[in-house]
Amino acid sequence: MITLTIDNREITAKEGATLLQVCLDHDIYIPHLCYLEGMEHAAASCRLCFVEIEGVAGPVTSCTTIVKEGMVVKTDTEVVRHLQRASLQLLLSVHHVDCAHCPANRKCALQDMAKFLKVGLKPKYLEQHLKEPEIDQGHPYLDYYPNRCVLCGRCVLVCKNSHDRPFLTFAKRGLDTVISFYEEDRAEMPCDECLACVEICPVSALMKRKVG
Amino acid sequence: MNPIYNQQVEQAFDAIRQEAISKTKAAKNEDIPEITIGKATCGLAAGALDTESAFKEALAEQGIQARMKSVGCIGHCYAEPIVIIDHPASGFPPIFYHQVTPGKARMLVKSFLLDHDPLFEHLLGAMRENEMIPQVLDFPRFQFEKRIVMEQSGFIDPGKIEEYIARGGYSQLVKVLQSDPEEIVQGVKRSGLRGRGGAGFLTGAKWEFVSRAEGKEKVIICNGDEGDPGAYMDRTILESNPHQLLEGMAICAYAVGAGRAIVYIRAEYPLAVQTITQAIQQAEALGLLGKNILGSSFDLEVVVFQGSGAFVCGEETALIKSIEGERGMPQHRPPYPAQSGLWGMPTVINNVKTFSSIPAIVRNGPEWFSEIGTKTSPGTAIFSVVGDVVHPGLIEIPMGVTLRHLIFDVCGGIPKKKGFKAVQIGGPSGGCIPEALLDTPVDFDALNHVGAMMGSGGMVIMDEDTCMVNVARYFLDFTQKESCGKCTFCRIGTHHLLRILDRITKGEGRETDLEQLETLSQDIKRGSLCGLGRTAPNPILTALRYFRDEFEAHIFEKRCPACMCRQLTAYYIDLDKCARGCDACVGSCPVEAIFTTKDRKKGIDQTLCVKCGECMTACPEEYSAVKKVSPPDLAPIVERPDK
Ligand SMILES: Cc1cc2nc3c(=O)[nH]c(=O)nc-3n(C[C@H](O)[C@H](O)[C@H](O)COP(=O)(O)O)c2cc1C
Ligand code: SF4
Ligand code: SF4
Ligand code: FES
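Residue numbers (my numbering), protein chains in the order written: chain A, 1 to 212; chain Y, 1001 to 1643.
Certain hints may be false.
Heads up, incomplete: computed chain A residues facing chain Y, CB under 7 Å, no partners named [claimed, not checked]:
no.	residue
1	Arg9
2	Ala44
3	Ser45
4	Cys46
5	Arg47
6	Leu83
7	Ala86
8	Ser87
9	Leu90
10	Leu91
11	Tyr125
12	Leu126
13	Leu130
14	Phe170
For the record, the hints were derived by calculation from the structure and aren't laboratory data.
Note that the Cβ used here is the ideal one computed from N, Cα and C, for glycine as well.
Please take these sequences and the hints and turn them into a complete structure.
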């Protein structure tokens, strides 16, 4: 066990633990989207979980930081909050904000973080950009909503972990990046039974298709 | 690995070297002329193959015997196709000819080879000192350059290993095989060599890390992805001197204890892939690569991997993912490749130029290298210089040379008597440097200091007619498209930057835009996962820092000072200059916007004009009557007479 200081609190943690997990375990909330408990290599893609560490230049992502003896961490500095807000606002600028009609309403990671960071759901300065079409129905069992998706990659990861190989993947580049799936014989796909991705998605961007 | 102190290696190599020397001697028959043609991609693009066939045909027609030799790039890409003719019987030294078209080739065969007239009007210079023709080595370009990596580029046939060996190639590997690997690592460290792929990390330190990594298998990778638009240094080196790179890689593999090496080349470089593949086969056939190199216990398997061409695949962790068969997306570091790289093995990954510098460092010693260039950036820098410059091409200069010297003395300055505006260094995420900072020396730290970066050696020169807002937009457009899409700041942030710049160039800029550009740029730099996002805002930040007035003119006056942004510019015809009765511009206009005035001069119908600029090109130089203005309402109104 090691001891470190987070927001002036002395905390003991297991050696080798990630800082983000330690914070969450001690009720110190840090906004995050792409981190999953127990993941081997953090994707570090959502760029929300920033903290500042004494003696380290600039804010760092806590999901990629391994706790160290004597570490002094601040989760609530101006720089940290500025970056977290900026990141969230960017995500919202390409998000179809339509909470009333969204199945994720009230259990949505974006709503929670917006509330925590005191950010409006419709960013003032950034022009909204939405993808076409609103729903991608290419998958035999799932509907994908690119304008809800925050590209956290959790679905790809749980898919890979649940089966020997992934059925989901990132596709395209830049702003056009989406979640897609490998073309496959329908009968080979475990999706109908599994739905791990649907459950893990923080914003209901993947939904089991309603038949009929 | 223990040093291989044995005579056997030395002897085995000596036999190979002797054979290479006699082979090249036999090929070089003093009695007949030798025609050398540059056939790297730059030469080929300029028509070197047609030139070659023209030579062959003309030789056959005239019944002249001559030896045709192929070489890589000599660096003077503006002069391609380049041909060097050595015709001892004529009494002239070997002569360097530029822009040798098939017609010129036929002429040269007849006049020079047959009649011993070297056609003075077509030659650039002689290859050695003589009384008759100025020597090219005395030209400023050759004088100021210092060639380490490119020393033999354009002089040896990249397809013939014996030419490299005959000039001393692979003997550094032989020397290294008989030394302590640790000594090699320390030597490279002492030389101060910094990686030429962009970040400038100390190469020896990287090697040391991998050499000390625990037991497991190790691997080395040469990064030949070269995704910067307009950059072609690495391609040229791969095409012109592949064995120098392979020797450097073999030395590294021995020093760090790796048994496998991969040359990663983008698939868009077919000639480079072919050249290096052939080179590997030739080296293996001679026992210089492969199992039991030169009879020693050192094995090195070298393979070529063709990358699929995304810019971000040049980033080391993405490159490794792409070799592993996954989507080329950057990963968080640490772990660094040196700790856990390809398939989890400790991995040295270095740029083409980094590895290619190694044989010279081993040959001449670390101290020799560290004395070239500057204290913190020793050695030479290789740039591909493009844009508004008299002599574009590849140059190798000592670090520390100022930008001014490089642009104006080495590369001949700005063409058409125009003024200099900015130089963009460091690839798409480099910075734009203004006239006032031209005395900045070229080295890693000085360039970072002014907001640019060394990058891997792309350099774009821009003249006074360049709009810096548009330039920033151009580079952002590139990085924005090439973002791998993984992380939030880069994926979405660069998109917003581009949208704002787009607006500004269209005259729709807002008062708040400058502040927004700045804040967003800083956030992207801070927040992004990999080097692509962390540097993508550089062109904007430097443009804002050094050319802020241009942004302000666009936003507040709807004016483009360089008259480059179409929506903010108008063309008109200066009636005082327009020649009565001249029709040159009329046919050039694709939309029939040009009409004839009552006194038989010309006018442009602004409602039809699409601002393509064709009329400006068409107007004869002695009139130069077509003008550009910004904002567009400054264009004088010329009435179109009723039909
Ligand atoms: C977006 C991006 C693109 C890169 N492209 C290249 C490249 O084309 N060639 C290269 O050698 N290094 C490239 N790099 C740098 C590599 O990540 C790595 O630092 C380099 O290959 C290490 O070699 P060096 O130490 O010899 O410079 C790139 C980095 C980034 C962030
Ligand atoms: S579909 Fe859901 S889980 Fe998958 S990347 Fe998008 S937001 Fe994340
Ligand atoms: S900074 Fe850009 S290229 Fe790098 S990981 Fe993030 S999205 Fe991908
Ligand atoms: S949780 Fe750390 S970057 Fe997403």
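Results of checking the hints against the structure:
1. At its closest, the beta carbon of Arg9(A) sits 26 Å from a beta carbon of chain Y; the interface hint therefore is violated under the 7 Å criterion.
2. Of the supplied interface hints, the one on Ala44(A) holds, with its beta-carbon coming within about 4 Å of a beta-carbon of chain Y, less than 7 Å.
3. The criterion of a C-beta within 7 Å of any C-beta in chain Y is met by Ser45(A), whose closest approach is roughly 5 Å, and the hint holds.
4. Checking Cys46(A) against chain Y by beta carbon gives a least distance of about 6 Å; that is within 7 Å, so the hint holds.
5. The interface hint given for Arg47(A) holds, since its Cβ lies 5 Å from the closest Cβ of chain Y, which is under the 7 Å cut-off.
6. A cut of 7 Å between beta carbons decides the hint on Leu83(A): the least distance to chain Y is about 5 Å, and the hint holds.
7. At about 4 Å, the closest approach between the beta carbon of Ala86(A) and any beta carbon in chain Y falls short of 7 Å, and the interface hint on this residue holds.
8. Among the interface hints, the one on Ser87(A) holds; its C-beta lies about 5 Å from the nearest C-beta in chain Y, closer than the 7 Å criterion.
9. Below 7 Å, beta-carbon pairs count as interface contacts, and Leu90(A) has one with chain Y at about 4 Å; its hint therefore holds.
10. Interface restraint check for Leu91(A): the shortest CB-CB distance to chain Y comes to about 6 Å, inside 7 Å, so the restraint holds.
11. Residue-level restraint check for Tyr125(A) holds (minimum Cβ-Cβ distance to chain Y is 6 Å; threshold 7 Å).
12. Checking Leu126(A) against chain Y: minimum C-beta separation of about 6 Å stays under 7 Å; hint holds.
13. Annotation: Leu130(A) was flagged as interfacial toward chain Y, and the flag is violated, the nearest CB pair being 12 Å apart, outside 7 Å.
14. A hinted interface residue such as Phe170(A) counts as satisfied when its beta carbon comes closer than 7 Å to some beta carbon of chain Y; here the least separation is about 6 Å, so the hint holds.
In this structure, the hints that do not hold are numbers 1 and 13, in rising order.
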